[in-house]
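Novice: Spelled out from the first residue to the last, the chains are:
There are 2 protein chains.
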Amino acid sequence: MKKGGIDLDIGVLDKFAQEIIKEAGERIRAAFSYDLIIETKSNANDLVTNIDRDTELFFIEKIKAFDVTHRILGEEGMGEKVESLEGVVWIIDPIDGTMNFVKQHRHFMISVGIFIEGKGKLGYIYDVMRDDLFYAIAGEGAWYNDKPLRKLTPVKLEEAVIGINASWVTPNKRVNHEKMIQLIRKVRGTRSYGSAAMEIAFVVSGKLDAYISMRLAPWDIAGGIIIASEVGAIASNLKGEPFDFLSQDTFIIGNPTVYQEIIANYIEQL
Amino acid sequence: MKKGGIDLDIGVLDKFAQEIIKEAGERIRAAFSYDLIIETKSNANDLVTNIDRDTELFFIEKIKAFDVTHRILGEEGMGEKVESLEGVVWIIDPIDGTMNFVKQHRHFMISVGIFIEGKGKLGYIYDVMRDDLFYAIAGEGAWYNDKPLRKLTPVKLEEAVIGINASWVTPNKRVNHEKMIQLIRKVRGTRSYGSAAMEIAFVVSGKLDAYISMRLAPWDIAGGIIIASEVGAIASNLKGEPFDFLSQDTFIIGNPTVYQEIIANYIEQL
Numbered sequence: 001m002k003k004g005g006i007d008l009d010i011g012v013l014d015k016f017a018q019e020i021i022k023e024a025g026e027r028i029r030a031a032f033s034y035d036l037i038i039e040t041k042s043n044a045n046d047l048v049t050n051i052d053r054d055t056e057l058f059f060i061e062k063i064k065a066f067d068v069t070h071r072i073l074g075e076e077g078m079g080e081k082v083e084s085l086e087g088v089v090w091i092i093d094p095i096d097g098t099m100n101f102v103k104q105h106r107h108f109m110i111s112v113g114i115f116i117e118g119k120g121k122l123g124y125i126y127d128v129m130r131d132d133l134f135y136a137i138a139g140e141g142a143w144y145n146d147k148p149l150r151k152l153t154p155v156k157l158e159e160a161v162i163g164i165n166a167s168w169v170t171p172n173k174r175v176n177h178e179k180m181i182q183l184i185r186k187v188r189g190t191r192s193y194g195s196a197a198m199e200i201a202f203v204v205s206g207k208l209d210a211y212i213s214m215r216l217a218p219w220d221i222a223g224g225i226i227i228a229s230e231v232g233a234i235a236s237n238l239k240g241e242p243f244d245f246l247s248q249d250t251f252i253i254g255n256p257t258v259y260q261e262i263i264a265n266y267i268e269q270l
Numbered sequence: 001m002k003k004g005g006i007d008l009d010i011g012v013l014d015k016f017a018q019e020i021i022k023e024a025g026e027r028i029r030a031a032f033s034y035d036l037i038i039e040t041k042s043n044a045n046d047l048v049t050n051i052d053r054d055t056e057l058f059f060i061e062k063i064k065a066f067d068v069t070h071r072i073l074g075e076e077g078m079g080e081k082v083e084s085l086e087g088v089v090w091i092i093d094p095i096d097g098t099m100n101f102v103k104q105h106r107h108f109m110i111s112v113g114i115f116i117e118g119k120g121k122l123g124y125i126y127d128v129m130r131d132d133l134f135y136a137i138a139g140e141g142a143w144y145n146d147k148p149l150r151k152l153t154p155v156k157l158e159e160a161v162i163g164i165n166a167s168w169v170t171p172n173k174r175v176n177h178e179k180m181i182q183l184i185r186k187v188r189g190t191r192s193y194g195s196a197a198m199e200i201a202f203v204v205s206g207k208l209d210a211y212i213s214m215r216l217a218p219w220d221i222a223g224g225i226i227i228a229s230e231v232g233a234i235a236s237n238l239k240g241e242p243f244d245f246l247s248q249d250t251f252i253i254g255n256p257t258v259y260q261e262i263i264a265n266y267i268e269q270l
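In order, the protein sequences belong to chains A and B. In terms of the working numbering, the first sequence opens at residue 1 and continues consecutively. In terms of the working numbering, the second sequence opens at residue 1 and continues consecutively.
In case anyone wonders, no lab produced these hints; they're calculated from the structure. Any given hint could turn out to be false.
Identical chains share a label here; the pair holds if one copy fits it or two copies do between them.
[As the list claims (entries may be wrong)] No farther apart than 30 Å at their CA atoms in a straight line, the calculated lysine-lysine pairs in the DSS-like style are these:
| no. | residue 1 | residue 2 |
| --- | --- | --- |
| 1 | Lys-156 | Lys-62 |
| 2 | Lys-64 | Lys-186 |
| 3 | Lys-207 | Lys-81 |
| 4 | Lys-173 | Lys-186 |
| 5 | Lys-62 | Lys-239 |
| 6 | Lys-81 | Lys-151 |
| 7 | Lys-64 | Lys-22 |
| 8 | Lys-207 | Lys-156 |
| 9 | Lys-22 | Lys-207 |
| 10 | Lys-147 | Lys-173 |
| 11 | Lys-239 | Lys-22 |
Chain A on its own, in the form it takes in the complex (with noise of 0.2 Å):
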């Protein structure tokens, strides 16, 4: 592939891409046994910390090894500074939902999007403890594993599940929470999984229609906006601009009856 001065086999990538993802993942699992975790109960704290840098600082040796001008823009800050989406550039959250992998031991996601010139091509997000892989290569579909994953289908408001942490819908200084609680009285229900990567893996399976949370950094989506593309999720900040993926910014993902509908309806920011 030929682009913008960038010679780039993506599926030469793509395949690149997915083996160092589940490399870290099997990294990840063996570092961290049940009991090791609990022995570490008082260090837990530090012990993730080490694993978050650990496993970024793999990624970035793999991937510098594979082309030395990629740049790799991490939540663990390991990585040169990146103040621009030139060229090749990695995001990539290592860790998404710490507190999940402390005392859950599961629920956490390697989360890794490559943009090229700006643009998103490739979106990952990898459930370490079920390996499994909700993936997609920009213009040639999605897939969940071996399985491609369908356009999502309209769903009506009122029988939509969406993904909102209990926070939003006490007052607070980002967001009117009095339309957050006619939203949640609105849908048929609500969830909390405390990793926005699974809940954005989630929206684009249609295991939930919409997330949406007041402050998120580029890691925590970068692979989920890709993968929204390929089935028809719309993703934006609440403002329903484009998310800066240079700063934090709020966020939404959703089917898009549901999108806007919220965006319409419930959203006013403070």
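On the provided structure of chain A, position chain B as indicated by the hints.
Specialist: What follows is chain B alone, placed relative to chain A:
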């Protein structure tokens, strides 16, 4: 075992219960393939109702063949009317988390509690899609598959992660939501999974520190409450009284330190 005139080998009963729970799980997994759910999307509610009922009938048939004097109180109401806990009573929820069943194809549980002369003796929560069993024999311990579940260790409320639905922090008729808002601001995090049995299984295995609901039925909690006492979790209604097994009631289960503090400082029933 001789108990109040009932002659029962608890080990035999446990083995039998595990066998039929796993067989019921296998039947559900077989009845419900990904494609089946998609094809019958418009009839998803009928589908789940049918599988729910079939599963309850399967339990009734098996249990009556095992011992015709055992009685069954099930969510689907296919057993006889149970107005007391005399003798041996099985309290069964064939699918706890039906919305998860329909939309997510995961995160639904079979919950079974076996009571002898009013006392909880055997408790089971089975995660059907993971093939994961949490269970306990009263006085003998609790297990997660083949591993013993450890006694819960103390946790501070500010480090706790609790299961609570977002509705309960909004104005409602059951509980002072202002105090619930204080609670969710105090704790480290909240989760909501859409299956009471799943959230209870997470509390008894230390994956959550408490779970609160304003209205549950006996079948939602019968399995879990028996596991709770083996790991040192406390379960009651929100007045701190024993849950009413012949009706619906409020419910809290938690790590003891967290349980006490929530009941004392954050629950004000209306």
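Novice: Now tell me, hint by hint, if it's right for this structure.
Specialist: A quick look at each hint next to the structure:
| no. | hint | verdict |
| --- | --- | --- |
| 1 | Lys-156 to Lys-62 | neither (44 Å within a copy, 40 Å between copies) |
| 2 | Lys-64 to Lys-186 | neither (49 Å within a copy, 43 Å between copies) |
| 3 | Lys-207 to Lys-81 | neither (36 Å within a copy, 36 Å between copies) |
| 4 | Lys-173 to Lys-186 | both (23 Å within a copy, 17 Å between copies) |
| 5 | Lys-62 to Lys-239 | neither (37 Å within a copy, 56 Å between copies) |
| 6 | Lys-81 to Lys-151 | neither (36 Å within a copy, 46 Å between copies) |
| 7 | Lys-64 to Lys-22 | within (18 Å within a copy, 48 Å between copies) |
| 8 | Lys-207 to Lys-156 | within (14 Å within a copy, 33 Å between copies) |
| 9 | Lys-22 to Lys-207 | both (23 Å within a copy, 25 Å between copies) |
| 10 | Lys-147 to Lys-173 | neither (42 Å within a copy, 45 Å between copies) |
| 11 | Lys-239 to Lys-22 | neither (35 Å within a copy, 48 Å between copies) |
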